[in-house]
Structure formats: structure tokens, C-alpha cells
Amino acid sequence: MSSIFSIGVSGLNAAKAALEVTSHNIGNVNTDGYNRQRLEQAAASPQFVGFGYVGRGVDLYAVSRMYDGFMENQLQAVTASSSGFQTQELALNDIDNLLSDPSTGLSSVMQGFYSSLQQLSQQPSSVAARQTVISQAETVAGRFQSMNNRLEELRNGLINQVGNSVGAVNAYAKQLADLNKQIVSLNEQNGRLPNDLLDQRDVIVRDLNKLIKTDMIAKPDGTVDVFIGQGHPLVLSESNYELVMARGGVNNPEDPEAPSLNIKLPGTNNLVAVDSQLIKGGAIAGAMTTLTYDLTRVQADMGRMAIEFTDAINSQHKLGVDLNGSAATSGLFTDLSSFRATAYAATTVGGQAKAMRDALDNFGVVIQDPSKLALSSNVRSTAATGIQPKISSIWQVSQIGGTAAANTPWPGGALSLEYNPAINPPFQANAGGPLVSVTQSPNQSGVYQFTLATGQTFAFKFEGQSSTPQTIPIGLSAGGSVQLDNSNLLEIAKLQTKPLMAATPTSTSTVLPPTTDPRTASMQSFYGQMVSYVGSRTNVVQISKQAQDAALQEVKLKKESFSGVNLDEEAANLLRYQQAYQASSKVIQAAQEMFQTLLQIA
Amino acid sequence: MRVSSNTQYIMGTFNLQNKQFQLTKLGEQLSTLKRINRASDDPVASASLVEIRQSKDINAQQAKNAEAASTQLAISDTVLRQVATSISSIKTLAVQAGNGSLNNQNRQAIQNEMRERVKELVSLANSTDGNGNYLFGGTSKGQPPFSLTFGNTAPNIAIDYHGNDQRQYMAISPGRDVAITEPGAALFGVTSAPPAASGNELLQALTLFDESLVAGPAGSATYAADIGKVMSGLDAGLSRMLAGQASLGARMQEADALKDAGDALNIQYATQASNLEDLDLAKAVSDREMAKMALEVSQKTYSQVKGLSLFNYI
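So the sequence lines, in the order shown, correspond to chains D and Y. If you're matching positions, the first sequence starts at -7 in this note's numbering and goes up one per residue. If you're matching positions, the second sequence starts at 1067 in this note's numbering and goes up one per residue.
Any given hint could turn out to be false.
Straight-line Cα separation of at most 30 Å, DSS-like style, residue types lysine-lysine; simulated pairs [to be verified]:
(1) D/K490 with Y/K1130
(2) Y/K1085 with Y/K1349
(3) D/K486 with Y/K1130
(4) Y/K1372 with Y/K1349
(5) D/K550 with Y/K1085
(6) Y/K1366 with Y/K1091
(7) D/K490 with Y/K1349
Note that these hints are calculated values from the structure, not bench results.
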């Protein structure tokens, strides 16, 4: 009789416990990372009573969570890569908008500068038109700088983001170590683990993966070890290691601002570098990728544009003569060529990028006095007027990427054009040595050119002819007699469409093309390539982000279908266990009535 | 498949977000009427657009240059026309002076008028453009290109050129610079002083005319022959003006033609850019309607499914 009582009580307890588990599930329906729980029960071992085994009710042996470690790992991995792409997408969107927007990009100001030169070619001595050129040059310099400032904001923002994320990673690692400790102390063996603490730990690992992709290894005692990169430990059961963001130093010897990730060995100040490229996801990896590849490349490209643009303009400008007839003493823009030398001397991409950033910082306009713009040629024909043929214009042409000698203004001396109607073109140049041949310009009609043994190249136009050979002396144009000569200005203006830029290499070990690479792109088409590079990178990252979001969605749903709480199911369980509870109560009531019956007999 | 209560929520919000994103994107395209609003929308076309815009801007600038060059050339042309008139009137005076029945007073009157005409001629040769730059001084700006002094002894008229032979150019198309000035030496000559040289006929004729008028047939045995020389010198000058005008006219024509070509090219560049970046309006509007409908359907489905629960019945 008493066994009926105890069977009834075990049923009552089981139903009550099941109701508690069900209520717990209902209560946590919206808890992040909650895995639904289930009461594990089995029939108690039976007792032999002569005729056979009689059951002894129900035994409860665990509350288990519906958890699949494989799904959890998948979820963590996808969370990491989705969050990594998100960081990249946000940064690249900014760069993309900056470069594409006509009001913030370079196209319009470069065009404005060259248009002002063309305007000036109509009135080369007009001080107002000269002032416009200087103002437009300031605008170009200002735009390069403001674009770079925006890129610097992004760069510093990403570095700060890495720094803050590293702090958060360490906080999470500490929490994980603490949870591991708690879990070990609460482990009741035989798989009876504190489920809700395990869920909580998974949520922390998932949050950690939003920052940095980790590998998690579960151990039999219920704790987990967490590693980053290529097996660098972050949490080893109850202890955690510190992640440190260092700047410059041994990892980036040439760029004191560049961040790097390191693990600090416990109890020491020794740092072990973690290659950020081996971290395959998380906001930190996303930020490091954007910093290392995209921002570095964009800033290096912009720096290179600044250097080549100013160098080309300055080299030609230095060959001219200003409104007062004095030879130019400086370029129009700040000389940035020393930064090019620094960049090419650098052995790391960081060093190259640093030199290019410095170049952009120093971009400015040197000439402030409109009359100092050297727009006239430094040479002219000194033949008596009326001699045929006439040299209607002659000027020195700078050589893009040429030697110092080639770009040195002609110092003067014996130089003449020997006209000979018997040859074609009918000129040779005479600078004292052997006669130098004159060729027709390949891209300018009516323009002829020659290069002296000393390296300087000249171009000239002539008109008229003579039946006899003539010697046309060429001399320096000094003394302010040629204010309306705009040949140096026209040569500067032609730089707009000249190929000044070599293509950026696709290598990851350098952002500079070899100095021997041919220059194939004009400033504008190079800028187009840069815009296109950022556009396609942004596009690729957006698509990857979308794919990862869809994958995340998929894994979340898969996990939900296994571990998630279904309220309808729980409602049904509620009814079911309520009914079981009532039934067990009836068993006890029946036992009591049987007892009463016996007592009445006595 | 087992469905958890959160499945509906996760799927619902994911779909709603995607559809809202599509709708926003189409909305942006419709508000700018552009298919490409940033490089990532179409990286390859964006690079082409940067280049097309530059070509378009350069082309527009060169069309402007061509117009300015044409205007500048027209100023010189007008002046040369006046110079030709001036030479013709001097020639008329030379014809009068050839009449053997003139007395000293008559010749004096001719000389007075002739000197006025010479002053007019030199002042035309020293003409400036709207910015005070000499039209016929080459690239020199410092002083008037031609100096004129009258004397009572030979040389009675001295005219000298102080400019140079260089020209000012403007870029009116890639690879083509057009000269917008005429050096005065080529048009008028360099000096009125002997010896006789090709190009100086006009200026020397003026001096000879003045000296012949002072001497008269009585004072000079070669009077008639000299007047003949004066006439042929003036003719040579006149033909130089006409040649100059022809050259200016040819360049004006070239500049005008390039300007028209530039305007036509401008339309081509605009079309090219439009093909790359402009929105297919009909398609975008219908896409947007579709996206809007899809969003509405998702919203409705979500709210309806959310209302289903067993708890409603217990």
C-alpha cells in the first residue's frame, strides 16, 4: 500500500518538476542564447515481489538543455565573419562616398585648376587671372588635404575601434575565466551541469566573436578554452591572457602609429605578436584589414597623386620666367619629392604609407604673388625681327620622371637653330658640339623639338621660309620683354592629359610601383582607377556581408529549430504536466481511500 | 522542421529589413534619377564616368578657348580692315601728288593730311585689346610696338618696330594651339629707314612720300619716279594687310569650326555619361512598386502569424 503512495508522490514530483522546467522555458522565451530545457526522467528500477517485478514510480535524473555544439560553433564563426565584414563595410562606405561625391572628390577641383590655366592663357599678363590660378591651386591643395583629413579621421577611428575592442575582448576573457571557475565548482558530474551558466557563457563567446574570431574547445569538466588567430590562447580554463594593441614598435618599425595585436604572457611584460591577417573574422579583423589594405592603398595612391602632380607642375614651372622677366625660383606647389624618396627607401608598406601621409600633410602652394607665376618661356629667338623663317615660340619642356639635368633650366650660352631648306624638318640645333637633330612633335601639330647633349629638351614653332640656310640664335628671355608669352603656361596646362601616373601594384608587400614602370595614366584616369578600386572593394564587401548575413540567418534558424522555445509546445506541455499532476494526486487519493477501507474493516 | 517562437520573429525582421533596404535603394535612385550614386553601385562604370566627365570638361574648356580665340582674332581683323582703309586713303593722296600741276601750297596740304593719316596708321598699329595689351607687339608688353617721329630734315618720318616675332597661342583642341596674335613686323615691317628690304616697303614708302612732298618736282629730279615707288610700296603694304586678314580669317574659321565641333562632342559625352549612369525610369518605378508590395505583404503576414497562439485558447 505504501508503495502506491510513494509511486504517487514520485509522479507528483515529476509533474511538478516538469511544470517548473516548462515555466522556465516560457519565462526565457526571449532570452538571448537560451537553449530550451527538458526534464530527463525514467521509470524507477522495479522491485521483485514473488510473481514478478513491480514498478516503483518515476525517477528524475537531470535537467538537460537542447544544445548542439556543432551548431553553436557554426553560429560563432558566422557571427565573427558577419561582424568583420560589417566593420569593413562601414569604413569602405565612407571612403566610397568621399571619393564618388562630386562635391568632395578630386575631379572638380583638378578641372577647376586647369580651367583657370586655360583662362589665363587668353590674358597671360592679367594679374586677376593669375590670382585665380593661385586660388585654384590653393583649392586643389586644400581638397587633397581635406580628403586626407577625412581619411585620417577614418584611420584614427579604426585604430581607436581596435583599441576599444581589445579592451572589450579582455573584459569578456575575464568573464569567461570567471564563468569557467563557477561552472567547475557547480559541476555535479554525470552531465549534471548548470545549464543557464553554460548558455550565458555561449552568449559571451558569441559576443567575443563579434569582436574577434575565436576557436572554442570544450573540456570534460564543463569549462572551455578559447584561442584566437593561429592558436594563441585567450582563455585557458580558469585563467585569461591579456590582448594588447601596440603601436609602431617592432611590428611596425617604420610607422609609429600603425597598430598591431599582441598577447601578453602572464606575469611578464613580454608581448607575442598575433598576425592580424590570421584572424579570420570579428570587428577587430575587419578594422585591421581595412587599415592594412584599403586605407593604406587609398592614402598611398592619393599621396602619390599629390607628389607626381606637384612634381610635374613644379618642374615645368621652374623652367619659366615670371611677369618681371626673372627666372622662376620655385615651383608653384610645395616640393614633395623628398617624400617620394622616403617612400621608396622604406622597407615596409607601413613606412611607404607613412611617407605618403606626410606628403599629403605638406601639400601646399608656395607662390602667393601673382606676378611670380612663371608662365613665359625662359628662352626666345634673338634673331633680328623680320628674318625668315621666324621662331614664333620656343620653350623648354620638362621631362616627367626625368633626370635632374633634364629638368634644369637652360643656363644660357651658345645655342642656335640652323635652318636648312634642304632637310626635313628644315632645322638642326647647334649648341657648339655636333649638330642636334630636330624632330616633329608626335602629339602637337606644328611643334618641333630637340634635346641637347646636356639633357634639356626644347620645343618650338616656326613660320615662314627662306631659300637659303639661316642661323637663328636662341638666347635667354630676360628683362621682362615677353610678358605676353604664355608658352610655359600652355606646357603646364598640357600636363592635364599627360600620363603622370604608373599603375598601383596589386601586391600586398608594396603600394608603390617600381620606378621603372611606365607611366600610363593621366591624373584624372588614375583617380578614376582609385574610385573604381574603392567602389569594387566596397561592392565585394557589401556582397560578402549580405552572404554572411544570410548564412547567419540560416544558422540562427537551424539553432532555433533545435534549441528555441516554442510557446505552443510549452502551452501543450503545461496542460500535459498539469494533467499528470492531477492524475498522480488521484493515485494518492486512491491509496488513501484503500487505507481507509482497511481501517474500517478492523 | 521544428519551429520555435523566435523563428517567426527572426525570419520576419530579416525579411522586413531586406525589403526595406531594397525600397530605400530604389527610392534613392528615383530621387537622384541616377543608377550610380556612388562608385560601389558600379565600379567599372564609375571609372569610365570620371574619365568621360574630364573629357567633357576639357572639351567645354577648349570650346570656350576657341570662342575667346575667335573674339581676339576678330579684334585684330577689325583693326587690319581700318589699316587697309587708311593705306588706301594715303594712296589716294599719292595719286593726287602725282599731278604735275600742283603748287607748293597744294603739296603742303597733301603733306599735312598725309601726316595725319600716318599718325592714324601708327596708332592703329599700336592698338590694344580690351586688357591694354598691344595687338601687334609679339609677346612684348612694355612699350608700344611702333614708334613714330616727324622731322624737318631726312628722315622726315621715322617709324620703328620694338616688339618681337613671337606669338601668343591658345589651346583649342588636343594637339592644336592656335596663334591669337599677329606680330607687327610681319604686317607693317620693321623700320622706315633704308636700305630697301622685303617687308619694309610700306614704312619706307611713307618716309619717301613725305620727303618727295617736301622737295616737290622742282627739288627732286626723281619726283615722278619716287611717287611711283610710293604707290607700289603702299600697294605692297595693302597686300600684306590683306594676307594678314586672310590668315586671321582662316584661324577664326578654324576656331569657330572647332567650337561647333566641341559643342557637338559635348552632346556625345553627355549621352555617353547618361547611358552609363542614368536610371531606366520605367523599370525603376515598376521595381519600386514591386518592392513596396512585397514589403506590405511581409508586414501583413508577420502580424497575422504573430497573432496565432495556443495560449489564446487556454
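Straight-line Cα separation of Y/K1372 and Y/K1349 no greater than 30 Å?
violated (34 Å)
Quickly compare the C-alpha distance for Y/K1366 and Y/K1091 to 30 Å and report which way the hint goes.
Holds. Y/K1366 to Y/K1091 sits at ~22 Å (cutoff 30 Å).
Hint consistency between D/K550 and Y/K1085 [alpha-carbon to alpha-carbon, up to 30 Å]:
holds (22 Å)
Given the hint that D/K486 pairs with Y/K1130, test it: the Cα-Cα distance must not exceed 30 Å.
The given pair, whose Cα atoms are some 16 Å apart, holds under the 30 Å limit.
Under the criterion that the straight-line Cα-Cα distance not exceed 30 Å, is the pair D/K490, Y/K1349 satisfied?
violated (41 Å)
Y/K1085 paired with Y/K1349 [C-alpha distance capped at 30 Å]:
Satisfied, since the Cα-Cα distance of roughly 17 Å is no more than 30 Å.
So if I understand the rule, the pair passes when the alpha-carbon distance is 30 Å or less; does D/K490 with Y/K1130 pass?
This hinted pair holds, its Cα atoms lying about 21 Å apart.
The structure is inconsistent with the numbered hints 4, 7, although it conforms to all the rest.
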